[in-house]
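Here is what each chain is made of, one letter per residue.
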Amino acid sequence: MAIFLTKDSRVLVQGMTGAEGTRHTARMLAAGTDVVAGVTPGKGGRSVDFGERTVPVLDSVTAAVDGTGADVSVVFVPPRFVRAAVEETIAASVPLCVVITEGVPVHDAVRLRALAAAGRTRIIGPNCPGLISPGQSSAGIIPADITSAGRIGLVSKSGTLTYQLMYELRDLGFSTAVGIGGDPVVGTTHIDCLQAFQDDPGTDAIVMIGEIGGDAEERAAACIAERVTKPVVAYVAGFTAPEGRTMGHAGAIVSGSSGTAQAKKEALEAVGVRVGRTPSETARLLRSALERAAG
Amino acid sequence: MDLYEYQAKELFGRRGIPVPAGGVATSPEQAREIATGLAAPVVVKAQVKTGGRGKAGGIRAASGPGETEAEAARVLGMDIRGHVAHAVLVEAATTPAEEYYAAYLVDRAEGTFLAMVSRHGGMDIEEVAASDPDALVRLPIDPLAGVDADTAGLLAEKAGLPPETAKVLHRLWQVMVEEDALLVEVNPLVRTADGRIMALDGKVTLDGNAAFRHDREPPAASGGLEDRARAKGLNYVKLAGRVGVVGNGAGLVMSTLDVVAQAGAAPANFLDIGGGASAQVMADGLEIILSDPDVRSVLVNVFGGITTCDAVATGIVTALHQLGERGLSRPIVVRLDGNNAEVGRRILSDARHPAVRQVFTMDGAAELAAGLAAGA
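So the sequences go chain by chain: A and B.
Terminal number for the first sequence in this note's numbering: 295, no gaps in between.
Terminal number for the second sequence in this note's numbering: 1376, no gaps in between.
Fair warning: there could be bad hints in the mix.
Taking lysine to aspartate or glutamate and the EDC-like style, the derived pairs with C-alpha atoms no more than 16 Å apart in a straight line are [said to hold, decoys possible]:
| hint | chain 1 | residue 1 | chain 2 | residue 2 |
| --- | --- | --- | --- | --- |
| 1 | A | Lys230 | A | Glu291 |
| 2 | B | Lys1055 | B | Glu1110 |
| 3 | A | Lys230 | A | Asp204 |
| 4 | B | Lys1238 | B | Asp1292 |
| 5 | B | Lys1049 | A | Glu243 |
| 6 | B | Lys1238 | A | Glu243 |
Residues from chain A shown here face chain B by an in silico Cβ test under 8 Å; the list is partial [unchecked claim]:
| hint | residue |
| --- | --- |
| 7 | Lys7 |
| 8 | Val106 |
| 9 | Thr160 |
| 10 | Gln164 |
| 11 | Pro184 |
| 12 | Arg292 |
None of these hints come from the bench; they were simulated from the model.
The beta carbon of each residue, even a glycine, is placed where N, CA and C say it ideally should be.
With the sequences and hints as input, model every part of the structure.
Structure representation (structure tokens):
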């Protein structure tokens, strides 16, 4: 099993004819993803040849959904066009919309989140690497060849730390790895993913990766205490981050006394989640948590 | 991007939110000139992006142009909690009859906007929340509906503010939306003795990602390494230590800083070459880090995803070639994993550059870089 994305997912790519869109569509296809269409307004009727597969390009999401039964959209359009692109996806009731684009204005993210909540769409991102259910499907840019299918669930604010942990635990493999994005406002939270992994019979244990800024990890800790019975280990990046400086991600900033890595670590440890000080230690903690659960 | 108080008040003024008459000065003479055009008394306020100005002596009263010049001379150049006052705001002094607090902000946890309004202004809002929680009204704002005149009226009423404040609350929301602000805060919002509602202070944070929608002047460049890095599309933050850190992806670089600290050294910087970085971007990043004389050793930590390790390795070799002798001045520890790691590692070993050492784990690489910085 997997969460949000399975071998049956039919993926359309918004912005497929752009450089990034084309490159990553090829990678998604190589990872086994069933990419059924691309959407680029004004370029409908063409198609893009990816070797073994030729993918049609359509003018609108609605046309793509009607024509192909697509149920996942991956968005590679530039920041200024993201709002319109995702509004179109929500209007077409596409169940899952993965926004890879970095640099989306927060007001747009807030608006899209509200529209999605009122409709039938789950947004992942923006500014995220997407998600992968290894061996089944990949929607986004997570490298497919660093791991294989297994029974660990992973949810992360950071793209590269997602890869790092997938690599450290590559022998165990993953049900799904979800990069939720490092922006202040994202469509899908740690809590949403924790709940989905808890409910997924194909997931035995969960790795949660957080970083400085906001209080998402503290809220996740409360959720774990109430609702998650599977083993969870966590990693929080940014112990050395100074106050008031944005560390790369728009949301990664320590403001006053809040948002520190230490506070997040303590909140998680208070509910029994073991928190690694490095990615490699986190991987070791996950292994021992699995052993304990088995024993 | 945080605005100075005077910039926030310019935005307020443009939308019909009353602010005291005044102007901004960067010299005592200029301050005197502005005061000449104002009815005495005036206040001279240090323009720094930090709180606690008043306690630090950055807000001074003056009775006329002469005193304004003298007070401006005292405030200009003042260091307030690490922020130097390069400008002062010279304003007509206002005597409030009542002080309130009003703010709109992004509620990250709920993914929406939040209004915070209180009948107690002029003090730290955390103090208000602690001492009289009922006096602080927090109202989630529906991002699709926003704050219209009715909602603004309701906000004022709930918080116990006079009805005439509603118009200002409505216009502050317009600032929030139309300027793509992440925070709009007025503390204090005042009612004057003659019944006028006025913003005596203003704090606005704009969303840099929304710059494409706005015709804004770019922030003043300091000419430092951070500006040079930004011009090259790199995300660079200068820190106080000795180990230069460059990697791909904000999370991995933050994590690398932590691992360096754990290995007993302090990181000299945060430098993210980003996703999909080319060899040139990597070369630019290394050049920036080696321009910092504080750096004793460099740690390059890359997990190839979109950014491939061969591009990174090529970038390192290119940079070292361009840097010549300077490239030999400090050791560079490189850890490559992920996409095309084998190719990247081979490019580096074939180059046989004397400054470069490869380590194949993140922890091991951090330990070596920390040790080299300590021994340098």
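Checked hints:
no.	hint	verdict
1	A:Lys230 - A:Glu291	13 Å, holds
2	B:Lys1055 - B:Glu1110	35 Å, violated
3	A:Lys230 - A:Asp204	6 Å, holds
4	B:Lys1238 - B:Asp1292	9 Å, holds
5	B:Lys1049 - A:Glu243	14 Å, holds
6	B:Lys1238 - A:Glu243	13 Å, holds
7	Lys7	23 Å, violated
8	Val106	5 Å, holds
9	Thr160	3 Å, holds
10	Gln164	5 Å, holds
11	Pro184	5 Å, holds
12	Arg292	24 Å, violated
Taken one by one, the earlier hints fail for this structure at numbers 2, 7 and 12, listed in ascending order.
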